[in-house]
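*Asks:* In case you want the letters, here they are:
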Amino acid sequence: MKKIILSLIGLLVIGMVANAQVSFTPGSFTGEDQVTITVDVTGTPMAGQSEAYIWIWANPSGVGPGPNGTVNGDWSNSSTAAKMTAAGTNKWSFTFTGTTLFGLTPGDLHDFGFLVKARDGSKQTPDYKPFAFDPLIFTPTKLRVFPSKVGRDDVVTLNYERTLGSSVDENRMTPASVTITMYDETNATVGAPLVVNARSTSDNIWSASFIPTASFTAGAGHKLKKFTYHFNGTVLNASGGTQTATTSDASVEFTEMK
Amino acid sequence: MKKTIQLSIYLVAMAALLNACRPDKYSELGTQATVASSLTGTWKLSKVTQTDEDAKSKGFQYGSVNVQTMDLTNVFPYTDFKLTLNANGSTPTTFTTTPGNSPRIIKLASGNWTFDNPTYPKVITMANATDTARITLGSYPSGASPVLRITSERRDATTNKLLISYSYEFTKQ
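For the record, the sequence lines run as chains R and U.
According to our numbering, the residues represented by the first sequence are 35 to 292, in order.
According to our numbering, the residues represented by the second sequence are 820 to 992, in order.
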């Protein structure tokens, strides 16, 4: 039993030492960021070799799909794209972007592992794994459009999250409607501002939806370019009555869609 | 005598068991329904969802708030929308759309429809004298699931990146 425990501790220490030979630039990165791996292969069968190739794969932790890197090639004949760059004695580096290298979306890309090998696979280091990609984080904002990029013909939903308000009135306001002002490419307003009723869609979130081309028509030879919007509502005043309040404006430019 | 009776009982039981093991008789399947015939008829829009494909690809989460997909069914009166597809046997012929107060998810009011593959169609093309619309089938209706699903994609005109998708579910009238 004692031997088994010692063996497990030994394997753990070897794994930690192996990963300690790896560094990244930048130190943290998402699946959409370019990152450079630098690995010191001293003490491995790859020490003293004149060239090295990476063998890299996605999600060794078992979460999500686990494809090999598109550069790997065959084990007995690595591709030229997998060739690593010399970075000092027994040190090699390789630069990649996760989503491109593995053909996965950032949402499916959790971590990766790799090893360093001879082109013909006759020598190799131990596995270095797993190294985590930072998740892409959704950043909530007071005023938010869904979807995040919209065209003129899309259903556009405007959202207001009261707890993210930047003034006391914004934090206290009970929204009732949204005012939308449309502009063409010359920055001239298109039609009259549109007022759409707001509905409560979640705790402290109100929403209103519209279809730009159904509500606004650009003049002949012009096209809808962008719109601004703000939420309107009420807050309680000192005497217990209500008074009107509005949020600040946000501006959204249309994405050209096909 | 007792043994003879017991033997007779065993034989009868065995015969009954063997008879029970005969395969059931199945009736003829009849002619296989074509996809075209399963598409014909009047369909009423029953569900509309919009997906922010960029947020979905990045795996965005925000507590209990869904920041990837939104159900639009009751945001606008989509359930007014009706689509009628006519066919002559397995050959598509004419179509009509009746939007009511719904946003026009198919801009053409009437015309002729065709599909890309008569056996396993993926894209339906609707056309009249001036316009053409193409809709992508999400799934075929069947007896067990008489629902017609179509999808449409919205891509960045410059980069071709998929940004938004819409899914429309119709139920047979």
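Simulated from the structure, these hints should not be mistaken for laboratory data.
Some clues are possibly wrong.
[What the hints assert, rightly or not] With a straight-line cut-off of 30 Å between C-alpha atoms, the simulated DSS-like cross-links for lysine-lysine are:
| id | chain 1 | residue 1 | chain 2 | residue 2 |
| --- | --- | --- | --- | --- |
| 1 | U | K875 | R | K176 |
| 2 | R | K125 | R | K176 |
| 3 | U | K926 | U | K866 |
| 4 | U | K901 | R | K163 |
| 5 | U | K991 | U | K926 |
| 6 | U | K941 | U | K863 |
| 7 | U | K926 | U | K875 |
| 8 | U | K863 | U | K875 |
| 9 | U | K901 | R | K183 |
| 10 | U | K926 | U | K901 |
| 11 | U | K901 | U | K941 |
| 12 | U | K863 | R | K292 |
| 13 | U | K941 | U | K926 |
| 14 | R | K292 | U | K980 |
| 15 | R | K125 | R | K157 |
| 16 | R | K257 | U | K991 |
| 17 | R | K259 | U | K863 |
| 18 | U | K941 | R | K292 |
| 19 | R | K257 | U | K941 |
| 20 | U | K941 | R | K260 |
| 21 | U | K863 | U | K926 |
| 22 | R | K163 | U | K926 |
[What the hints assert, rightly or not] Computed list of chain R residues with no C-beta within reach of chain U, every gap over 10 Å:
| id | residue |
| --- | --- |
| 23 | P79 |
| 24 | F165 |
| 25 | K183 |
| 26 | G185 |
| 27 | T191 |
| 28 | G255 |
| 29 | H256 |
| 30 | A279 |
| 31 | T289 |
[To be verified] From the structure, some residues in chain R lie toward chain U, with a derived Cβ separation under 10 Å:
| id | residue |
| --- | --- |
| 32 | G61 |
| 33 | F63 |
| 34 | T64 |
| 35 | G137 |
| 36 | T139 |
| 37 | G141 |
| 38 | K176 |
| 39 | S234 |
| 40 | I239 |
Values in this document were obtained by computation on a predicted structure and should not be read as measured data.
Glycine included, C-beta positions come from ideal geometry on N, C-alpha and C.
*Asks:* Hints first: check each against the structure and report whether it holds.
*Replies:* Results of checking the hints against the structure:
Of the supplied pair hints, the one linking K875 of chain U and K176 of chain R holds, its CA atoms being roughly 21 Å apart against a limit of 30 Å. For the given pair, K125 of chain R sits about 48 Å from K176 of chain R by alpha-carbon distance, which is inconsistent with the 30 Å threshold. Taking the CA atoms of K926 of chain U and K866 of chain U, the gap is about 18 Å. The hint holds against a cut of 30 Å. Between the alpha carbons of K901 of chain U and K163 of chain R the distance comes to roughly 55 Å, so the proposed pair goes past 30 Å and is violated.
For the given pair, K991 of chain U sits about 21 Å from K926 of chain U by alpha-carbon distance, which is consistent with the 30 Å threshold. Only pairs whose Cα atoms come within 30 Å are accepted, and K941 of chain U paired with K863 of chain U is accepted, the gap being roughly 20 Å. Between K926 of chain U and K875 of chain U the alpha-carbon distance is near 28 Å, which keeps this suggested pair within the 30 Å criterion. For the hint linking K863 of chain U to K875 of chain U, the alpha-carbon distance of about 28 Å falls within 30 Å, and the restraint holds.
At roughly 29 Å between alpha-carbon atoms, K901 of chain U and K183 of chain R fall within 30 Å of each other, so this suggested pair holds. Taken as a hint, the K926 of chain U and K901 of chain U pair is honoured in the structure, with Cα atoms around 12 Å apart against an allowance of 30 Å. Taken as a hint, the K901 of chain U and K941 of chain U pair is honoured in the structure, with Cα atoms around 20 Å apart against an allowance of 30 Å. Only pairs whose Cα atoms come within 30 Å are accepted, and K863 of chain U paired with K292 of chain R is accepted, the gap being roughly 26 Å.
Restraint check: the Cα-Cα separation between K941 of chain U and K926 of chain U comes to about 20 Å, which is no more than 30 Å; the hinted pair holds. Our distance criterion of 30 Å between C-alpha atoms is met by K292 of chain R and K980 of chain U, whose separation comes to about 10 Å. For the given pair, K125 of chain R sits about 16 Å from K157 of chain R by alpha-carbon distance, which is consistent with the 30 Å threshold. Distance restraint check for K257 of chain R and K991 of chain U: the Cα-Cα separation of roughly 38 Å exceeds the 30 Å cut-off, and the hinted pair is therefore not satisfied.
Taking the CA atoms of K259 of chain R and K863 of chain U, the gap is near 34 Å; set against the 30 Å cutoff, the hint is violated. Restraint check for K941 of chain U and K292 of chain R: satisfied, since their Cα atoms lie roughly 19 Å apart, inside the 30 Å limit. Distance hint between K257 of chain R and K941 of chain U is unfulfilled; the C-alpha atoms sit about 33 Å from each other, more than 30 Å. With a CA separation close to 35 Å, the supplied pair K941 of chain U and K260 of chain R exceeds the 30 Å bound.
Between K863 of chain U and K926 of chain U the alpha-carbon distance is near 16 Å, which keeps this suggested pair within the 30 Å criterion. In summary, the hint linking K163 of chain R to K926 of chain U is not supported, as the alpha carbons are separated by about 53 Å, beyond the 30 Å threshold. Interface exclusion of P79 of chain R from chain U stands, the closest Cβ pair being 38 Å apart, more than 10 Å. The beta carbon of F165 of chain R is kept farther than 10 Å from every beta carbon of chain U, the shortest such distance being approximately 18 Å.
In this structure K183 of chain R is not separated from chain U by more than 10 Å, as the shortest Cβ-Cβ distance comes to only about 5 Å. Listed as a non-interface residue, G185 of chain R fails to keep its Cβ farther than 10 Å from every Cβ of chain U; the least gap is roughly 6 Å. Not every CB of chain U is more than 10 Å from the CB of T191 of chain R (nearest about 6 Å), against its label as outside the interface. The Cβ of G255 of chain R sits about 20 Å from the closest Cβ of chain U, beyond the 10 Å cut-off, so the non-interface label holds.
With a minimum CB-CB distance of about 18 Å to chain U, H256 of chain R clears the 10 Å threshold, and the non-interface call stands. Its beta-carbon lying about 23 Å from the closest one in chain U, A279 of chain R satisfies the requirement of being farther than 10 Å from that chain. Non-interface call for T289 of chain R relative to chain U: violated, since the shortest CB-CB distance, roughly 6 Å, does not exceed 10 Å. The closest approach between the C-beta of G61 of chain R and any C-beta of chain U is roughly 21 Å, which is over the 10 Å cut-off, so the hint fails.
About 14 Å separates the beta-carbon of F63 of chain R from the nearest beta-carbon of chain U, more than 10 Å, and the hint is not met. Nearest Cβ of chain U to the Cβ of T64 of chain R: about 9 Å, under the 10 Å cut. The hint holds. A distance limit of 10 Å between C-beta atoms decides the matter here; for G137 of chain R the minimum to chain U is near 12 Å, and the interface restraint is violated. Residue-level restraint check for T139 of chain R holds (minimum Cβ-Cβ distance to chain U is 4 Å; threshold 10 Å).
A least Cβ separation of about 3 Å between G141 of chain R and chain U falls short of the 10 Å threshold, and the interface hint therefore holds. Evaluation of the K176 of chain R hint against chain U yields a violated restraint, the C-beta minimum of about 14 Å exceeding 10 Å. Checking S234 of chain R against chain U by beta carbon gives a least distance of about 12 Å; that is not within 10 Å, so the hint is violated. Nearest Cβ of chain U to the Cβ of I239 of chain R: about 7 Å, under the 10 Å cut. The hint holds.
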